[in-house]
Every structure is written in C-alpha cells, then in structure tokens.
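With these hints in hand, go ahead and build the complete structure from the sequences.
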Amino acid sequence: MKQIIVLLVLAITLTFSSCTKLDERFRSELEQNNSGTITPDQLLTSAYNSISQPFQGNGNLWASQQISSDEAIAPTRGPDWDDNGAWRALSSHTWNSNQDQVRGAFNELLGAQFAASNVLQFNPSPQQAAEARFLRALSMYWVLDGYDQVPYREDLTNYKILPKTLIGLEAVDFIVGELNAIMGDLPDAGAAYLANKNGARALLMKIYLNKGVYANRAAPAFDAADMNQVITLADQITASGKYSLNNIFYDNFAPDNHVKSTENIYTFENSPAANRGGNVRGFAFMVSHYNMNPGGWNGFSTLSDFYDKFEAADQRKGAYYVYPGSLPNPGKRINVGFLIGQQYNLTTDAPLKDRKGAPLAFTRGVKLRETGDDLEITGIRPMKYPFDYATPGDQKNNDFAVFRYADVLLMKAEALLRTSSAAAALPIVNSIRAKRGATALATVDLTSLLDERGRELYWEGFRRQDQIRFGTYLLAYQEKPASDPKTLLFPIPGDQLAVNPNLTQNPGY
Amino acid sequence: MFPANSSLISNLKLRLSWGKTGNQEFPSGASLNRFGFGQQSISQSNYGNEDLKWETSTTANAGIDFSIVNDRLTGSIDYFQKKTTDVLFEQNIVQPAPGGKIWINLPGYILNKGVEIMLNAGIIRNKALNWNVMANASFLQNTVSGLAGFYETGELRGQGFSNVRGQRLVAGQPLNVWYLRRFEGLDKATGQSIYADGGNTLYYSGSPNPKMLLGLSTDVSFKKFTATVNMNGTFGHYLFNNTAASVLGIGNLGTRNIAKALIGSGVKESIANAPAPSTRNLEKGNYIKMANASLGYRVGNIGKSIRNLYISVTGQNLFVLTKYTGFDPEVNTDAGFGGIPSLGVEYIPYPSARSVSIGINFTL
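Protein chains in written order, with the working numbering: chain A, 1 to 509; chain B, 510 to 873.
It should be emphasised that the hints constitute simulated quantities derived from the structure, not laboratory data.
One should not assume that every hint holds.
What the hints assert, rightly or not - Subject to a maximum C-alpha distance of 25 Å in a straight line, what follows is the list of computed DSS-like cross-link-like pairs (lysine-lysine):
no.: 1; chain 1: A; residue 1: LYS367; chain 2: B; residue 2: LYS777
no.: 2; chain 1: A; residue 1: LYS367; chain 2: A; residue 2: LYS356
no.: 3; chain 1: A; residue 1: LYS160; chain 2: B; residue 2: LYS562
no.: 4; chain 1: A; residue 1: LYS260; chain 2: A; residue 2: LYS332
no.: 5; chain 1: A; residue 1: LYS356; chain 2: B; residue 2: LYS622
As structure tokens, then:
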C-alpha cells in the first residue's frame with residue numbers, strides 16, 4: 001500500500017511538473033514578449049509591401065476593378081484561363097460570395113490594414129505613424145469602394161475583440177478624419193513611393209468625388225460642397241509646384257519612372273535592389289503571347305469598342321518607345337500601348353507566329369469564351385508598363401502608379417462639370433489631350449469625360465469605380481449583358497461572413 | 510438459456526469498450542503571437558490563441574467474437590464510433606488580422622462510425638489438404654459539424670485550373686466532399702462541354718471517402734504445395750482524374766497524347782473545348798486488386814548438403830478490376846491546400862509496380 005502511495009505522489013508530481021508553462025523558443029521568428037528588438041520602421045516596410053500586392057499584375061483588387069469593367073476582358077481561350085469560370089464571372093458580373101478575386105481582394109486589403117495598424121503599436125515617430133495611417137486609409141478606402149462594409153480593428157491586442165464595421169458614409173468620415181489628422185505629419189518632398197501630403201490629398205479627392213456613390217450607389221447625387229473640396233485639393237496639389245504632365249506618356253510607367261515621371265504623386269515602389277516589389281511584370285505577362293518577348297500567359301485583352309475611342313495620333317493608343325534596356329526594335333514597331341495586328345520579334349523584326357504556325361496577329365474581335373482556330377490571337381493587348389528587359393528575375397523596376405497628376409486634373413475637371421462649370425473643365429481636359437497628341441475637344445460633358453478618363457487611365461485600376469460613378473457599370477456593353485443592380489457592390493466573401501458576426505451580406509447575394 | 514454445452518458454438522464473446530484519448534497536434538507557437546522576418550522588414554505572422562487545449566476523441570466499440578462448427582468458422586462483428594470534440598483546426602480568422610488563419614478548438618465535432626466484419630473459414634482440414642478463406646469488410650461513415658463556413662482543399666492542377674480547389678470541408682457533408690461544376694455531356698453542334706446552369710453553379714458531387722473496404726484472402730496447402738492469395742478492394746467513393754483532365758485533354762490533339770476515351774464517341778469534341786474542372790473527370794473509384802499471390806513447393810532435403818529446399822513464385826499487384834480509367838485507383842496525390850489534406854485526387858502519380866519474384870530457400 002505504501003509503495004502505491006509513493007508511486008501515486010510521484011506520478012502527480014511528474015504530471016504537474018510537465019504542466020508548467022512551456023517556454024517555446026523560435027529560431028526563425030520572434031515571440032511577442034520577446035519583441036523588444038522590433039522597430040517601427042521594419043513594420044512600416046511590411047505595411048508598404050503588404051498593400052502593394054493586391055493592385056499589381058493581375059492581382060485580386062486590380063482584377064476585380066478592371067476585368068469587371070468595359071476596358072478589359074479575360075477570355076477563356078480553349079484550355080487556358082477557365083479557372084473554374086472565375087474570370088468569366090468577373091467580366092459578366094455573375095460572381096458570388098466565393099468569387100476568387102473578390103474574396104482575395106477583401107482579405108488582402110484587410111491584411112494590409114492590420115499591417116499598417118500594427119506599426120502604431122511600436123512607438124513610431126510622428127511621420128512613421130502618419131505614413132502607416134495613410135496606408136491604412138488607402139486600404140480602407142478600397143474596401144469601402146468595393147464592399148461598403150469596412151471591418152476596422154481598433155484594438156489589436158486580442159483577436160477575440162471583434163473589429164467594428166464602418167458602413168458607407170461612416171467609413172467616409174473615418175477615412176477623411178484620418179487623412180486630415182495626419183496631413184501635418186506627412187512629408188512634403190521625397191520619393192513618390194513614400195506616403196506624402198499630395199498623395200493624401202489625391203486620396204481625399206477620390207473619396208470626396210465618390211462620396212455621392214458611397215451614399216447611394218444606384219442613384220448617386222454629387223454635393224457641391226464635396227465637389228468644391230475636390231477642386232480645392234487639386235489646386236493645393238498644383239500649387240505644390242512638383243508636378244507637370246510628361247511629354248512622353250509612357251515615362252510614367254517605364255522601368256525608370258521613379259526618375260522620369262513628373263506626374264506620379266504616389267506609387268508603390270518596385271525595386272529588386274531594395275528588395276521591394278509587387279508583380280508589376282504581370283502587366284506584360286498577362287497580355288503577351290507565348291511566342292513574344294517576354295513570353296507571357298496570353299490572356300487578357302481590351303475590347304474593340306474601347307479601343308475605338310482613341311484617335312490615331314493619340315500616343316496613349318500605342319507608340320514606339322525607346323527606354324533603358326528596351327529591345328533594338330529595328331522595325332520601330334509599336335511596343336507600348338495597344339498591340340494589334342501582326343506582332344514582330346523586337347530584336348530581328350521577323351514576324352511572329354502563334355503556336356499553330358499561323359501569323360501572330362492580334363484581332364479586334366474577342367469573345368468571353370474563345371473556341372475558334374484563332375483563339376490564341378483574338379483581342380487587342382494593352383501593354384501599359386514597358387517591360388523591364390534589363391532586370392533579370394521576376395521583380396522589375398517599374399514603380400506602380402497609384403495616383404497621377406493627370407488623374408488629379410481630370411478629377412478637378414469632373415468636379416467642375418458636376419458643379420455646372422463645363423467651361424472651366426474644358427481647358428483642363430484639352431491640356432491633357434494636347435500633351436498626348438489628341439485633338440482638342442469642342443465641348444466636354446460627362447460622357448466625353450468618362451471616355452477621357454478611360455483613355456488616360458486605362459488599366460490603372462479605377463475603371464469599375466469610374467463606371468459606377470458615371471452610371472455605365474450596369475449597362476449592357478460589348479461581351480456583357482445588362483447586369484443586376486446588386487453588382488454595384490461586391491458580395492462580402494463567404495469565409496469572412498462565416499466567422500465575423502459584425503458583417504452582413506450585401507443585398508441581393 | 511445459453512447453450513453451454515452446444516456442439517455448434519465453441520466460443521461466443523461479447524466485447525464492449527469505451528475510451529477517451531487526447532491529441533495536441535497543433536504547430537509550435539500556435540498559442541503565441543509571432544513575428545516573422547521579411548526583406549529588411551518584420552511583420553506579425555499570426556494571432557496566438559492562449560486558450561488552445563487538447564482535442565478529445567471518445568471511442569466506443571461493441572463487438573461479438575464467435576467460433577462455431579468445431580472452430581471451422583470464426584469471426585467477429587464490431588460496431589465502432591469515434592467522436593472527436595474540441596477538434597484542433599486552423600480556422601479563418603476575422604480580418605483585419607495577421608495571416609489568414611488561427612488555431613482553435615472547433616465548437617463542433619467529427620464523427621466516424623462504422624461496422625467491421627471479419628470471417629475466417631477453415632473449409633477443408635485434413636492431413637493432405639488444408640484450405641482457409643478469410644474475408645473482412647469495413648463500412649465507414651464520417652461527418653463534420655460546427656465548422657463556420659467552408660474550407661477548400663483538393664487543389665487541382667493544369668492549364669486553366671489556376672486557383673481551383675475541388676473539395677470542401679463543410680458542416681453536414683462528408684469530409685473532403687467534392688464541390689464541382691456538373692458536366693452534362695457535349696453539345697452535338699459545337700463540340701463544347703455542357704454544364705448545369707451554364708457552369709456558373711458548383712454542386713456537392715459525392716465523397717472521396719470509401720463506404721466500404723474489403724479484404725479477401727485464401728490459403729491452400731496440398732501435400733508439399735502451398736498457395737496464398739490476398740486481395741483488397743475499396744468501394745463507394747469518387748476520385749478526380751486530374752491527369753485525364755489536364756494532361757490528356759482534347760487540346761493536345763496534333764501535338765501530344767490525348768485520353769483514349771475522347772475518341773470514338775458519337776459527338777466530336779471541339780479541339781477548343783476547355784478541359785474545365787467538373788464532374789466530367791470525377792470517376793467512381795471502386796476496385797478490387799490482386800495485392801499478392803504466391804505458390805510454393807516444399808522439396809525437402811536433397812542429398813546431404815541441401816536441406817529444407819523451398820521454391821516459390823510470388824506476384825505483387827497482378828491485376829486490378831476497376832472501371833476507373835486512370836493509372837491506379839489506389840491513389841492519393843497530395844493536393845492539400847491551406848494545411849488541409851486532400852483525398853482522392855490523381856495527378857500524374859507513378860503507377861504502382863507489378864512485380865514477380867522467384868524464391869529458392871534452403872539451408873546448408
């Protein structure tokens with residue numbers, strides 16, 4: 001009996017000693033309690049990296065904003081690009097709450113919000129805090145734009161405290177308040193890829209311009225006070241004296257655009273040297289055919305109705321562009337802008353063939369589901385970011401343009417137009433057209449302004465937003481029938497709806 | 510009235526068991542907030558869950574063992590049920606958050622239940638000839654409850670299959686249930702696939718979990734000959750033939766191989782038809798396989814130096830009876846996604862080898 005008691009005591013002691021707090025040590029990670037070595041600049045770098053992902057290449061936010069618009073189409077080409085119908089659903093506005101890109105954009109943007117908020121937990125300097133809050137405002141604005149409901153996690157210390165949901169104008173007020181609060185601490189000068197005052201002003205312009213949409217997406221009304229804010233902010237950006245329109249449109253997107261562009265107000269830095277980078281090469285890869293250089297994924301195209309909006313001499317339509325590292329291009333073929341017709345080897349000028357040996361000549365026509373013999377070559381291909389041949393590897397040097405001065409001017413023109421000052425809007429629009437090699441317009445109205453925004457800003461990630469604001473998103477257009485009004489908002493992704501009781505599904509889904 | 514002196518029943522036993530076991534399979538650091546290193550940067554990798562505890566499996570089992578007709582027929586029947594609660598699971602986290610997921614103890618349960626039958630018959634037993642036949646069969650069923658939303662896995666591969674996951678974990682369905690477009694044949698005019706609801710809707714399309722596992726074996730010894738045969742089979746589940754879907758599609762015509770099944774049917778499939786993920790490549794996985802068979806002859810001693818000479822021929826994987834069109838229905842290519850394992854995907858696996866070996870054993 002004694003022995004049994006001794007054994008029992010021993011067993012209990014052993015049990016308890018093995019139950020004391022486990023002290024785990026990590027070789028490749030830091031633990032929260034051990035985080036004295038984490039500095040705010042390291043977290044800020046992560047916040048910058050985090051928000052640049054969903055925008056670039058065929059990223060989730062980019063795709064949901066652009067493929068769902070009248071500027072872009074992602075056709076299913078025989079065996080390619082079916083992807084469970086994800087791309088067709090975007091193009092035809094038939095997505096559901098499990099749509100891949102719609103879900104991905106929501107989660108990535110909210111992840112970026114967390115990364116930005118986290119900087120604030122680690123004693124940042126006033127400027128670092130302002131930069132982080134700018135990045136957070138940028139991510140929240142895109143969630144507002146797509147989904148109306150913006151989960152906002154105020155207290156980061158415990159995951160069990162549910163984020164509150166800012167809805168519609170509530171989110172507008174929050175973001176505007178944030179941007180105004182940080183304006184004084186944001187830098188005035190410096191590289192465009194760092195958060196700066198004019199970037200914050202451009203973001204404020206976007207929010208004021210779309211505020212009527214966020215109040216009522218089906219029938220937006222634009223308040224004169226908001227439009228005046230847009231005009232005032234544009235004038236402040238102009239008054240900074242830092243920006244002018246580039247003579248060569250593509251300098252804004254070239255591998256050395258951080259040096260050449262005089263229009264880029266805020267960019268995402270892509271630089272293999274600085275180990276910073278999103279998938280900017282994707283802008284070339286997603287359009288270029290397998291047999292081109294660079295050999296791409298032969299996917300996305302624009303629609304001929306959109307292409308036909310350009311005048312022949314408009315350099316935005318297409319150009320022969322020489323830039324550091326560009327291929328010799330002895331035939332001086334169009335290598336940026338819209339690629340249409342026969343394509344050539346840009347080193348030897350030999351005409352290219354598709355995989356079946358037929359001429360590689362991009363056609364005007366394109367269908368959502370390509371089934372013919374020409375399925376590899378249908379569709380006009382936009383090449384907006386000149387391909388960085390000089391830099392090996394997947395990371396390239398073209399910084400991604402988030403806000404450009406041309407956009408600021410067009411937003412000001414729109415605000416003037418919406419406050420019955422069409423006469424003041426016209427010279428602004430024509431100043432841009434003159435730089436791009438297009439003829440001056442005699443008059444400007446909302447229709448021609450939306451067209452001009454398309455010509456200037458195609459594939460930059462704003463088209464869905466613009467079409468909703470101008471009321472053309474639901475209409476039938478090339479390769480898309482009229483769509484259900486519910487599609488003015490994306491659905492709240494099912495995976496988040498299932499775990500976050502503070503979200504409700506958007507109407508109609 | 511128990512037949513204590515029955516000549517028919519020589520052994521009858523009732524077994525009941527019940528037990529609880531714990532399991533703490535979550536990765537190191539799941540309960541702590543961790544920070545990872547990037548390129549000249551640091552970011553939080555996860556939210557730790559301090560409340561994580563062991564998951565508990567409660568197993569109950571009831572069985573009967575019997576032996577009748579002078580032990581010529583022995584066997585057992587078992588019913589088992591395993592209910593796992595506080596299941597450790599990496600759930601989607603409420604965004605905004607670091608990482609996409611957090612380890613939690615699920616508020617629901619996973620239930621596995623089934624029946625197992627085993628029979629062993631000594632059909633002939635005498636000095637010259639012995640013949641035994643054994644059979645066992647298991648019938649399984651599993652369900653999951655308490656999952657919030659659904660979790661995708663079964664990452665399918667190939668051109669046009671980007672970001673396509675064919676399976677789900679979702680409450681009220683079997684684990685890893687197939688979730689796919691429903692294929693309804695080829696359009697006679699265009700040679701294009703027809704899908705239910707134009708392919709815009711995905712449907713729960715069957716389970717990759719077998720309903721029944723079967724084993725059969727027999728051994729015969731006749732004088733100096735011995736023979737053994739083992740067969741196994743699996744029934745009632747669906748496999749996705751990803752190889753046929755994306756490696757042997759009609760688009761290969763003229764350049765590479767296509768699946769044999771694509772030719773000779775009434776409808777000419779368009780060469781541009783997308784080999785899209787759908788129930789077209791979901792196949793019944795039923796099979797019976799001759800796992801191994803061997804035949805031996807005991808020669809005995811030869812002369813003074815060679816003793817106990819035994820010669821045998823053994824074949825492994827000699828044949829498979831199945832309607833499955835892939836290499837081998839006994840397949841499970843890893844197509845896990847987000848840490849959730851997949852089940853029943855075939856994607857260019859090595860075919861299982863067929864081997865025949867000849868053995869000569871003796872002692873000196």
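Against the structure, the hints come out as follows:
no., hint, verdict
1, A/LYS367 <-> B/LYS777, "holds (22 Å)"
2, A/LYS367 <-> A/LYS356, "holds (20 Å)"
3, A/LYS160 <-> B/LYS562, "holds (16 Å)"
4, A/LYS260 <-> A/LYS332, "holds (22 Å)"
5, A/LYS356 <-> B/LYS622, "violated (55 Å)"
The structure does not agree with numbered hint 5 stated previously, though it agrees with all others.
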